[in-house]
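Asks: Read off the chains here:
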Amino acid sequence: MGRYILRRLLQLIPVFIGTTFIIYALVWALPGNPFAGKCGARSCPQAYIDKMTEQYNLNEPVIVQYFLYLGKLLTGNFGETYSGTEVGTLIQNAYPVTVKLALVALIIEGVIGIAAGVLTALRGKGFLDNLVLASTLVLISVPVFVTGFILQIVLGVQLEWIQPSVGSDPTIGELFVPGFVLGSLSMAYIARLSRTAMMENKRADYIRTATAKGLAPRRVVGIHMLRNSLIPVITFIGTDFGALMGGAIVTEGVFNIHGIGGLIFEAIMQQEGTTVTGVVTLLVIVYLLMNLLVDILYAALDPRIRYD
Amino acid sequence: MSAVDNRGGGSPESRLLEVEDLHVEFRSKDGTANVLNGVSYHVDAGETLAVLGESGSGKSVTAQTVMGILDTPPGFVTGGSIRYRGEEMLTAGEERRRELRGENMAMIFQDALSALNPVFTVGFQIAEQFRFRRGMSRKDAMAKAAEMLDMVKIPNAKQRVKEFPHQFSGGMRQRVMIAMSLALDPDLLIADEPTTALDVTVQAQIMDLLDELRRERGMGLILITHDLGVVAEVADRISVMYAGRVVEKADAHSLYKQPGHPYTEGLMESIPRLDMKGHELASIQGLPPTLTNIPPGCPFHPRCHRAEDACREKVPEFHDLGLGRASACHFAEELISRD
Amino acid sequence: MTDTGEAQRSIGSAGAAAQATVEAQDKASSTKTEKQRGLWGDAWRDLRRRPLFIVASAIILFLLVMSVFPGLFASTDPNVQILDKARDDPSAEAWFGYDHLGRDIYARVVYGARASIIVGVLSTVLVVLLGSVVGVITGYAGGKTDSFLSRFAEIFLGLPFVLGAIVILSVFNAGVAGTPSSTRIMTQVIVTIGVLAWPICMRIMRSAAIAAKQQDYVKAAKALGASHSRIIFKHVLPNCLAPVMVYATIALGGFIGLEATLSYLGLGLKYPVVSWGMMISVSQQYIVSTPHMLVFPALFLIVTVLAFVMLGDAVRDALDPKQK
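Residue numbers (my numbering), protein chains in the order written: chain P, 1410 to 1717; chain W, 59 to 397; chain F, 79 to 402.
What you were told as hints is all true, and nothing was included just to trick you.
Taking beta-carbon pairs under 8 Å as the criterion, some of the chain F residues facing chain P (in silico):
| no. | residue |
| --- | --- |
| 1 | Ile233 |
| 2 | Val240 |
| 3 | Val245 |
| 4 | Ile380 |
| 5 | Val383 |
With a straight-line cut-off of 30 Å between C-alpha atoms, the simulated DSSO-like cross-links for lysine-lysine are:
| no. | chain 1 | residue 1 | chain 2 | residue 2 |
| --- | --- | --- | --- | --- |
| 6 | F | Lys222 | F | Lys297 |
| 7 | P | Lys1460 | P | Lys1481 |
| 8 | W | Lys197 | W | Lys211 |
| 9 | F | Lys291 | F | Lys222 |
| 10 | P | Lys1611 | W | Lys202 |
| 11 | P | Lys1509 | P | Lys1481 |
| 12 | F | Lys222 | F | Lys300 |
| 13 | P | Lys1534 | W | Lys87 |
| 14 | W | Lys220 | P | Lys1611 |
| 15 | P | Lys1611 | W | Lys87 |
| 16 | F | Lys312 | F | Lys300 |
| 17 | W | Lys197 | W | Lys216 |
Calculated from the structure, these hints are not laboratory results. The beta carbon of each residue, even a glycine, is placed where N, CA and C say it ideally should be.
Taking the hints into account, I'd like the entire structure generated from these sequences.
Replies: Structure representation (structure tokens):
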């Protein structure tokens, strides 16, 4: 197991470098003057250009620049924006909100998705099954910004049940609807995944064995069937955390949440390269580590998987 | 279907299990398949009944119906009776049937790898019964589970309870399955093709073990198989099934000596024998009937070399041949009186 | 080792659906081409009976006609502004009303279909081409080639989808002064989606190719000295067709939604192209007084995506013998 984790970690390094390099290169190595339009309507003062050139080693080839940047990053130095704010501080302020939002989304999608999937699988064909299937189709088909927008208008503006836009330090309650929106797609997916898994396991031989042992139906379903069916669902939820954080950008935009997504969107619009690379790097790390964690979790959940 | 001499020990009241005229159909979009068309057999305490037949003949469905674990839908019981120690099972409530499962009747399956839950240790799966049926503590139940593994001669049982099904070899896994089925000390054990998935050498070990355990515990054993070799050694009586019916029943010895149904005859002739080396191996021509469309008359007639007009028109009655034998062939008497 | 990282957002469900088809097909088609034909024949017979499939196909057909000949459906120019009719409600004259600049929303919705369909179809083609080529190579070759290309694909999977698209598109946009041509804008969006989504298709193709490679008839063909190209085209590719088709159909819907999302964020399609995403984006400011500015483009967008997802679902179910 230890060797497996080590090997996976080593495999992560080239992927991490590749991903972050692409972003770095896209942001910094564009042809043309990197300072064009970065200081508002006027051209940047020479002193500023010199300072930035020195700070980001802009005279070096891109690849050297990148590794120098990476070196700084590893010591925890995310660099500064043009106005001199520490990117590290910006991230520190924005990060908790997005983590909270992603967690709320994860819980909502997990609870509703699993409940819907398990219930329909147990009930079999009928009204409930069709209802859930139809809702998953709709959830998959409606883009997140439309779901968010509609819920914001209906629940926030017309019914006034929620605040249409969320404050800077939102409570869990305030994040409920944005979390639902963010998790809606995955919720549909989890419902389908758990339904399929349950349907497959329902006819499995070991379920018949459990029944033949005279176990109570509650235990047959609740322990034997559920335990096996939830393995793919739980691993999906695990990988989804990283994806949700990176995907929060639209939801945060719709509900005006000041998280990572808002930060990066603004940074892109204002061409704040340091912020963009810093945030994306962080998101990539979270995504890759969550994937690794899920693979390890998989081994814990399914004893048949052996990593060596 | 007909009054059959009840020889083979015991009166109907003392019978461990009596299946009578059982009808089961499978309903699906494409139609109804008549999977069981009046199956009757019985087993007494301490004896081994072998149920023989090709796949699709209804052996397993009968067993699942007896256990009350038939998947409904698609399977529906449409008639007949199953009596365990005189108690009617088909009208008993689900709760009562669950009480009997494991405790009084148990079943082992062909493929132990898929019949055991892959994500729990074998100890957990055996201990489960002690915990939830006997109210034992987790620790005591685990100790009992180890005892059970020891009983089925799995070496190093104390360590192996903590292992998962995929960590056992095929034969050892089937032993686990047996240990699990015997945990609550049932007096009826149904073994559904217990050795089919195993190597030949291991098959014999498992059969010996089952036979030994049956003798020690005085259990009734229903052995479902398509392997005549297995049957010969351990069965007291044999029921042969075809297209959802019992077509012949007899004690093992006389059935081997002189089959009373052309189907049984065909089965026996398709076993390779050393003394017949050089001869072409006989086989039963054709395929078993589709159960949605069983031919009129004797269901075996399209494959039977003896078939006459009577066979195409009239369903042969399952009739008594004396000495506890019965057969569903118009020419049964002729067949058993041959030399 | 498992591919639990499979699940990518937004079009991940398509990927997983197709993955299921790989497995199902793997079990179903253990013999050669007759089985293949059998699989498709069965699927087709099954599909024709599914109301879901018929409804979805009808909608898609309608949309295709609309995007090729928008003039058949709307006689008004979608970009003509009649300012004194701005934000007028739906009427007999303009079925869906007018937007904030007095443009006929019905005409705009009709013309918007073209952009969505073009972006959806072309990015799917790009993704499937890129993904299939790399996927078949990795799956068939295995070994070092496989691990190198798989790592390379992971680099793109590691980029959050929307985020990656935003960065790439903003870079594209930064290089241009003034209003870029509509062809250029569309190409940018298509290329961006292609670059980010190909690894998902590659993974599906790769596992299908690996499954096909292990079939006995492929081993037999190899033993008989068949060339690599012959094995790939005769045996491996036909096996990979079903899962990739399922993925492509569902992904097409997903890409249309993605294009709308990018346009909504102001990074995708721009004037003079008419796009549903843009229309929804603009409607935000007028939502309370002029809800029809949101309702109609959103409805068209949802129905379009839904049609493709439904079609993909139906095809997957038809190809998956387990579901029957």
